[in-house]
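Numbered according to our numbering, the sequence shown spans residues 1308 to 1536.
I should point out that these hints are in silico values taken from the structure, not numbers from a laboratory.
One or more hints might be untrue.
Distance ranges between label pairs, derived from CB positions [what the hints assert, rightly or not]:
#1 P1373 <-> F1404: 17 to 25 Å
#2 T1451 <-> E1353: 13 to 21 Å
#3 E1330 <-> D1394: 18 to 26 Å
#4 V1526 <-> V1388: 19 to 27 Å
#5 T1335 <-> N1424: 29 to 37 Å
#6 E1523 <-> S1347: 16 to 24 Å
Where is the CB? At the ideal position from N, CA and C, for every residue including glycine.
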Amino acid sequence: RLYLLFALVPLIGMFVLVGPSLERHPITQRARFMFVDETSELDLSEEALQATLKTHVNRFLPPTHPTFHRVLNVSENFVRVIGPVRDWELFVVDDPFTVNAFVLPAGKIFVFTGLINRVPSDEHLAAIIGHEISHVLSRHSAETVGATLLFNVFFDFIHAILYSMSVNLPMISDLAGRSVNATSQLISNLPYSRMCEAEADAIGIYLMALAGYNPEKAVEVWDMFHNIQ
């Protein structure tokens, strides 16, 4: 019974954390847990910004460059729809070998020339930028940190239960613990990540329409990159 009591400690801690952290997604109204407040999220974003600037130093296109102006025009169309909810700022990285774009939680938009050169039109580019901005509006990075914490507490509880049931059988306990570790990624983080991506897809398409772009181009973009992968 003492082992079971200790096993309940992580579960009790989980309930203490979960209660005050339940909220609704501001756009989709999906119920979710947010364990990271916005101030902390923005502090982490600032650290990520400085690290990214350092990584790509001397590789940023100037605001006078035609490619920068092209991406800026697309980004500003979204900002006009969204409003000043973040300190939006664009960085275009001159790296033709990197096909990527992302937006930090504080609103810093990074787009690589390798991506710009691959998309056939501004509408396709808008699909990608809209998707990445949707992650910021959804605060998916902060939500993912909280979800990871919640999943870790849950799996610690499972570990404790398994240990309490097999304390006199260390080999069985070790095998059960390894099995839980092997399946935790498959039944927690990966499905959760896919859900956030699907949500960003849906919100991004909605933002595209508001910004004056054809949402059907988003489907073409995802098909294009799926074929590349």
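So which of those numbered hints doesn't the model satisfy? Hint 6 is the one this structure does not satisfy, whereas the remaining hints hold.
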